[in-house]
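*Asks:* Each chain, written out:
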Amino acid sequence: MAFSNEQLTRYSRHIILKEFGIKGQKKLSRGRVLIIGAGGLGSPAALYLAAAGVGCIGIVDADDVDLSNLQRQIIHGTDDIGRPKADSARAGMLAVNPETEVRAIRAFVHAGNIMDLIRDYDFIIDGTDNFPAKFLINDACVLAGKAFSHAGILRFNGQLTTYVPGLGACYRCIFKEPPPPEAVPTCRQAGVVGALAGVVGSLQAMEAVKYLAGIGELLSGALLTYDALTTTFRKIRLPRRADCAVCGALPSITAPVDYAQAACDLTL
Amino acid sequence: MTLIVAGTAKEYPDGINLTRLIELEKVETPMYVTVALNNAFVESGGFETAVLKDGDTVEFLYFMGGGR
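Chains as they are written, first to last, in our numbering: chain A, 1 to 268; chain B, 269 to 336.
Pairs of lysine-lysine, DSBU-like flavour, derived with a Cα cap of 35 Å:
1) A:LYS146 / A:LYS27
2) B:LYS321 / B:LYS294
3) A:LYS23 / A:LYS235
4) A:LYS176 / B:LYS321
5) A:LYS18 / A:LYS146
6) B:LYS321 / A:LYS235
7) B:LYS294 / A:LYS235
8) A:LYS176 / B:LYS294
9) A:LYS235 / B:LYS278
10) B:LYS278 / A:LYS176
11) A:LYS176 / A:LYS235
Beyond 10 Å from chain B on every Cβ pair, some chain A residues (computed):
12) ARG10
13) ILE74
14) ILE105
15) GLY166
16) ILE253
Derived list of chain B stretches under chain A, where covered just means 3 residues or more per stretch with a C-beta under 8 Å from a C-beta of chain A:
17) 290 to 304
18) 307 to 319
19) 325 to 335
Quick caveat, the hints were computed from the structure, so don't treat them as lab data. Heads up, the beta-carbon is just placed ideally off N, CA and C, and yes, glycines get one too.
Excised from the complex, chain B in its bound form (with noise of 0.2 Å):
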């Protein structure tokens, strides 16, 4: 299945789990990323219930705490 990750259409396995995307992506602090799925936040307690379909779009919004 093609999912829109970060703004890059690309293939993945059929039917992974928000959890198995972010190892496949290697996700820096995985811990601490909020994700939004389609435009709508998933909580970090729903990663392995939110089974991906073709055709979603991820976005991985990353703690940046520099600015001095």
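With the rest of the complex left out, here is chain A (with noise of 0.2 Å):
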């Protein structure tokens, strides 16, 4: 497949790099990338990734644009509010970008559709603002062999961490299990400055557009830290847990499983 000359124009700084040039470009129009939430680290990461000349994007969502949302997630404009958030994000990826595929998925994600939806990407970006989910796409992509980019995010602080398969740490090895619902802070009670969604969502899309060049060094083993009141970032390493339950040597999580969590938690 050869570049056409708006192509070549539209995506001229990505090529005009020499680790990226017209080879890095192709892999980006061949990637997959599926990206679960539509909200403040999805919406960021959604545009740059559609900006990025990538093939064909997923994005997942069942709820529609809220006033409340629209300080951070920044694909939905005051226009879209009651719309379904994966259609407002598709219509503002395509604004940026007609070339790029984008599939609308409005849904959940549940251990019944997970590793459907997973199956046909390359890498996953994990948009979610909940436990389960975060959860859930870790065992999910551990089990399915699938590259993916974690990240959190609440008040002024962010971090974020890359799985690539059979190197380095997943999700469970830091965390184990998600915490008892309301045990620890979510942004809905404690807040969350727009930007800083900004910050991270835009890491995201950058580990996913190194994974798919297959440029650079991935954020695998090492989780990023981000404190946006101090400007500090810091890149921890992590070591792996032996007895990890989905990517140890024994895995006790052969497939994908629900967390329960209190419903409002999931609708906001």
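Fit the two chains together into the complex; they arrive one by one in their own frames, and the hints show the way.
*Replies:* Here you go:
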């Protein structure tokens, strides 16, 4: 497949990078990324990946756009209030780059659909807002041998790690099990700065770009933490857990599992 | 003794264990923090018996559930 003149112009700032070139751009155009959650993290990730020329992007979200989302979920506009987020995000991506194939999937992820949802994709971005979903995505990606980017944000802090099959710790190596509902603060209770979601979601997009283009070093086996108030980034090396329940030598989790979560936490 | 906690070297009383360090550092949600001591995870049941030595490196890893 050769790029048209218009494509060469659109992607010229990528192509001019010696690490990237036409070859890297072709890899992006053949790449397939699934973004789970069209919210604070998913919005910037989706916009950058569409703009970058990723060939196919799936966007999963069951909710509708709400006024309280717009402070940080920048792929949605005021006119989108009440519209399904997956559809609104699809329109936002196509407005940036009509060449990208975008699949809008209006669904919550659960143990019954996660393996089917991730199957067709090369890289998964976790942009969800609750622990059951974060553990579910981790387990499914480990089981399916898919690379993914995990991230979490709260107040003025964010953190992310990239799981690459066979390399480094998975999310469950670090945290083992979800905390009980209400045991740790959520963004809805504690707040979050919109631009912080932009920083962390953009870092997730960068990980996807590097993975697809095959350049640089991924954030695998490490947790990057970001303190926005002090502008401090730290990269913490992570050990693997030899007895991890999903990626360890003798896993007890061999199929995706659902954890209970209060319904109100899933809808906002 | 000097410990490197969350990347910063600081002085602490000799011979404290992880439970005491968690108190001194005012760790939020201490029940649910993951601790890495010298790049190895310590099970939460092992905080009492994990006595710290000069030069040890401790990282606290926190649940951060937001994203939307």
